[in-house]
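Protein chains: 2
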Amino acid sequence: MNCEVIAVGTELLLGQIVDTNSSYIGEQLALAGIDSHFQTKVGDNAARMKDAIELALSRSDAVILCGGLGPTQDDITRNVIADVMGVELETRQELVDKISAMFSQRGRAMPQNNLLQAQIPVGGEPIPIQPGTAPGLCCPIGDRVIYAVPGVPWEMTQMIDGFVLPDLSARAGITSVIASRVLRTWGMSESGLAEALHNEIERLDETGEATIAFLASGIEGLKVRITAKATTQAEVDIKLADEEARVRVIIGDEVIFGTDDDTMESVVVGLCRDQGLKLGLAESLTGGLIGQRITSHPGVSDVFQGSIVSYADSVKNDVLGIAGVPAISEEGAAAMAEGAARVLGAECSVAVTGVAGPTEAGGYKVGTVFMATHVDGVTEVLMVEWPFDRKRTREFTTITVLNQLRKRLLARST
Amino acid sequence: MNCEVIAVGTELLLGQIVDTNSSYIGEQLALAGIDSHFQTKVGDNAARMKDAIELALSRSDAVILCGGLGPTQDDITRNVIADVMGVELETRQELVDKISAMFSQRGRAMPQNNLLQAQIPVGGEPIPIQPGTAPGLCCPIGDRVIYAVPGVPWEMTQMIDGFVLPDLSARAGITSVIASRVLRTWGMSESGLAEALHNEIERLDETGEATIAFLASGIEGLKVRITAKATTQAEVDIKLADEEARVRVIIGDEVIFGTDDDTMESVVVGLCRDQGLKLGLAESLTGGLIGQRITSHPGVSDVFQGSIVSYADSVKNDVLGIAGVPAISEEGAAAMAEGAARVLGAECSVAVTGVAGPTEAGGYKVGTVFMATHVDGVTEVLMVEWPFDRKRTREFTTITVLNQLRKRLLARST
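Quick mapping for you: the protein sequence lines, in order, are chains A and B.
Going by our numbering, the first residue of the first sequence is number 246, and it counts up by one from there.
Going by our numbering, the first residue of the second sequence is number 246, and it counts up by one from there.
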């Protein structure tokens with residue numbers, strides 16, 4: 246089974262948007278054991294889209310089109326698929342109703358244009374999962390199939406994961422199972438990980454038991470991905486568990502903060518919850534980033550109290566009560582953490598202060614950051630000089646200070 | 246003149262790396278006035294690479310290959326180009342010398358593998374700009390041309406900007422200038438914008454004076470991009486200014502919050518600065534996102550005081566002083582905004598509170614958000630029921646509440 250991806254949109258060719266959708270779909274196809282040999286970007290042009298689809302159907306069993314399902318004149322994916330299939334478009338009343346309902350829920354009138362989205366090539370079916378106003382399409386053509394999903398990432402991923410991949414696997418009669426486990430790490434560089442795991446990767450190249458790949462992911466840390474293949478889910482699970490155990494011995498448990506969908510935030514919140522601790526923050530150079538990360542997943546309100554984003558020194562003094570201590574200093578960070586715990590009613594807290602730039606401050610150069618953690622009445626401060634730009638400085642500060650708190654909470658529970 | 250881009254590398258198809266190189270090259274080609282109708286990703290496979298190159302040469306005047314010029318066995322771009330040209334590879338002594346010198350400068354011995362990089366298809370030439378060990382290639386084939394550049398971004402960009410684009414422009418005899426202007430909007434849906442501008446877009450289709458495209462960009466708002474072409478920069482600037490004026494009349498100035506690199510945050514901070522106002526925030530469901538956005542660019546410390554991220558009701562009561570008012574309500578949002586202004590020492594403030602999920606709260610369903618703005622002692626509250634997931638609810642809340650403040654500050658200054 247072979248599936249190509251065609252990303253549709255002139256804005257992709259012009260580089261106004263980076264095509265991350267094809268990368269996502271390619272990754273999911275690989276994990277599902279479906280080959281993908283070509284991925285194409287094409288503009289909103291009917292003739293060229295038709296050429297691209299016909300070429301893809303000539304060499305692959307399935308094609309996933311991504312984009313061009315919106316309500317504007319540019320959005321012609323529906324029409325081109327109908328043309329390739331040699332059929333007309335028909336308006337589906339159930340889609341008209343669904344789309345109208347979405348607008349009325351928002352208290353807005355539905356523009357006439359959106360009715361175009363209710364049109365489906367005769368012989369095709371809408372994808373049952375529909376997070377937005379654009380229905381996806383599943384259109385058989387001979388022994389091949391064309392899928393179309395919207396270019397909006399949160400709509401695309403739901404349709405790919407929930408419908409397209411299972412449908413493709415069923416068509417392919419796939420019986421082997423491929424699965425991955427990601428070890429989420431922080432504290433070793435990518436080259437350090439590669440060096441530590443060099444011999445193990447060579448061993449796997451020979452035995453074929455599994456593969457290991459690294460992925461530097463900024464604020465998400467460094468991912469070590471283990472992938473294995475077998476005939477049943479149970480066998481794959483055993484292979485993954487075996488390899489995970491080997492990797493843990495080699496790189497050490499301390500740098501592995503979680504697996505798969507764990508994030509540093511979710512792990513820290515989980516530890517706080519287990520230990521019955523409320524968490525508070527004091528943020529200066531991160532400006533709210535740590536709080537935003539912690540609250541990006543639901544269900545943290547039993548642990549997370551809040552954050553005092555003290556950008557101005559007057560807020561550090563008046564709200565956090567650090568008067569008399571330099572705002573950018575080890576003592577400043579410690580006083581901020583203690584102030585946050587007190588003001589927010591939290592048993593543990595973290596605080597960050599430093600020089601995000603553009604210029605030096607407090608006698609420290611750009612990139613200097615003080616990170617404080619406060620648990621059980623004891624405050625510890627770490628100073629780092631990041632060599633990064635503003636964005637990375639803020640991201641690395643966030644994951645690093647939360648990792649400091651994680652290690653202290655782990656030590657506390659043993 | 247028509248130029249395709251082919252990104253080479255199995256890791257691109259597998260989604261292990263996002264192909265940002267093609268986006269960069271596509272943007273540069275567009276700015277140079279060279280059409281690019283297709284971009285393809287293909288794996289490190291000789292037969293499929295050959296197919297992709299031959300297809301591209303059949304429909305375009307030029308092809309840029311990106312990747313596969315390294316020293317390993319996977320790197321076969323040189324070989325495939327020679328195959329397409331029907332020639333052999335020859336080793337160029339000047340490249341052997343250059344590559345050896347790069348290694349000896351770093352005090353390292355050159356691995357034998359790197360000698361492969363000194364091979365060039367007969368009839369082709371190395372690209373004179375060579376930042377790393379991989380030479381780029383410029384290979385004429387009939388009246389067409391194949392370029393090859395490395396996949397390493399900082400090597401690729403230097404070769405594209407310094408050699409490929411000027412070479413392509415010279416071949417095309419290009420003398421025209423293309424430029425774009427982006428109008429940043431908030432307050433109309435994409436389909437609403439498309440409907441409003443329908444007639445103008447049809448007029449432009451006929452006259453060719455300019456083109457208009459829409460781009461939905463989440464927390465960045467909806468972008469309306471105007472692109473024009475002329476023989477001099479001055480003429481292009483006039484065309485863009487003319488078209489911008491027309492679009493402003495049609496969709497109204499109110500929804501246009503900025504142009505080009507402006508963001509909602511930068512515009513609001515600029516208005517506060519001009520009016521001598523300090524800004525404070527109170528964030529509940531956004532958890533710090535608004536503060537993080539405002540501080541993501543340097544130089545806001547003269548305006549931005551900070552944010553009280555009051556996730557727990559106790560923080561709303563104790564720090565912001567809203568005791569006695571329901572936390573999720575019109576009065577709650579208003580009291581939070583007033584509390585933030587008072588506690589943070591700010592003349593204007595915004596506050597957001599609502600139900601981010603996963604379950605209903607305070608009698609309101611998931612997605613219900615109250616957004617307050619506070620200026621000159623007057624607080625206004627907007628209630629919205631977003632139909633989105635958590636991420637989009639938080640993003641749309643952020644840009645919407647800042648837009649409310651923007652409109653109030655604008656009204657104030659007139």
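Please keep in mind that the hints were generated in silico from the structure rather than gathered at the bench.
As the structure is a prediction and not an experimental result, all values here were calculated from the model.
Mixed in with the good hints there might be a few duds.
Each pair may be met inside one copy or between any two copies, as identical chains are not told apart.
Claimed, not checked - As a list, the in silico DMTMM-like pairs of lysine to aspartate or glutamate whose alpha-carbon atoms are at most 25 Å apart: (1) K610 with E576; (2) K295 with D306; (3) K636 with D506; (4) K343 with D634; (5) K295 with D328; (6) K523 with D482; (7) K484 with E272; (8) K523 with E576; (9) K636 with E400; (10) K610 with E400; (11) K468 with D621; (12) K484 with E435; (13) K343 with D280; (14) K610 with D342; (15) K468 with D388; (16) K636 with D507; (17) K295 with D621; (18) K295 with E640; (19) K636 with E480; (20) K484 with E256; (21) K343 with E440; (22) K474 with E640; (23) K295 with E370; (24) K523 with D563.
Hints, verified against the model:
In the homo-oligomer, the alpha carbons of K610 and E576 lie at most 25 Å apart inside one protomer (18 Å), although the nearest pairing across protomers, at 44 Å, exceeds that limit. For a Cα distance limit of 25 Å, the shortest separation of K295 from D306 qualifies both inside one copy, at 16 Å, and across copies, at 21 Å. In this assembly of identical chains, K636 and D506 lie within 25 Å of each other by CA distance both inside one copy and across copies; the values are 23 Å within and 16 Å between. Taking identical chains as interchangeable, the C-alpha atoms of K343 and D634 lie at most 25 Å apart only when they sit on different chains, with a minimum of 18 Å there against 46 Å within one chain.
Within a single copy, K295 and D328 get their C-alpha atoms as close as 8 Å, which meets the 25 Å cut-off; across copies the closest is 29 Å, which misses it. Neither within a single protomer nor between protomers do K523 and D482 lie at most 25 Å apart by alpha-carbon distance, with minima of 36 Å and 56 Å respectively. With identical chains, the CA atoms of K484 and E272 are at most 25 Å apart within one copy only, with a shortest distance of 20 Å there and 43 Å across copies. In this assembly of identical chains, K523 and E576 lie within 25 Å of each other by CA distance solely inside one copy; the values are 23 Å within and 27 Å between copies.
Proximity of K636 to E400 under the C-alpha cut-off of 25 Å is restricted to the inter-copy arrangement: shortest distance 13 Å between copies versus 27 Å within a copy. In the homo-oligomer, the alpha carbons of K610 and E400 lie at most 25 Å apart only across protomers (22 Å), although the nearest pairing inside one protomer, at 43 Å, exceeds that limit. For the identical chains of this complex, K468 and D621 are neighbours neither inside a copy (31 Å) nor across copies (50 Å), given an alpha-carbon limit of 25 Å. With identical chains, the CA atoms of K484 and E435 are at most 25 Å apart within one copy only, with a shortest distance of 24 Å there and 48 Å across copies.
In this homomeric assembly, K343 and D280 never come within 25 Å of each other (Cα to Cα): the closest approach is 35 Å inside a single copy and 39 Å across copies. Taking the shortest Cα distances, K610 and D342 sit within 25 Å of each other only across copies (22 Å), while inside one copy they are farther apart (60 Å). In this assembly of identical chains, K468 and D388 lie within 25 Å of each other by CA distance neither inside one copy nor across copies; the values are 39 Å within and 41 Å between. For a Cα distance limit of 25 Å, the shortest separation of K636 from D507 qualifies both inside one copy, at 22 Å, and across copies, at 17 Å.
Proximity of K295 to D621 under the C-alpha cut-off of 25 Å is found in neither arrangement, the shortest distances being 66 Å within a copy and 58 Å between copies. For the identical chains of this complex, K295 and E640 are neighbours neither inside a copy (43 Å) nor across copies (36 Å), given an alpha-carbon limit of 25 Å. In the homo-oligomer, the alpha carbons of K636 and E480 never lie at most 25 Å apart, since the shortest distance is 42 Å inside one protomer and 36 Å across protomers. Within a single copy, K484 and E256 get their C-alpha atoms only as close as 43 Å, which misses the 25 Å cut-off; across copies the closest is 21 Å, which meets it.
Only between protomers do K343 and E440 lie at most 25 Å apart by alpha-carbon distance; the minimum there is 21 Å, versus 54 Å within a single protomer. Neither within a single protomer nor between protomers do K474 and E640 lie at most 25 Å apart by alpha-carbon distance, with minima of 35 Å and 39 Å respectively. For the identical chains of this complex, K295 and E370 are intra-copy neighbours only, at 20 Å inside a copy versus 36 Å across copies, given an alpha-carbon limit of 25 Å. Taking the closest pair of Cα atoms, K523 and D563 come within 25 Å of each other both inside a single copy (23 Å) and across two copies (16 Å).
The structure does not agree with the numbered hints 6, 11, 13, 15, 17, 18, 19 and 22 stated previously, though it agrees with the rest.
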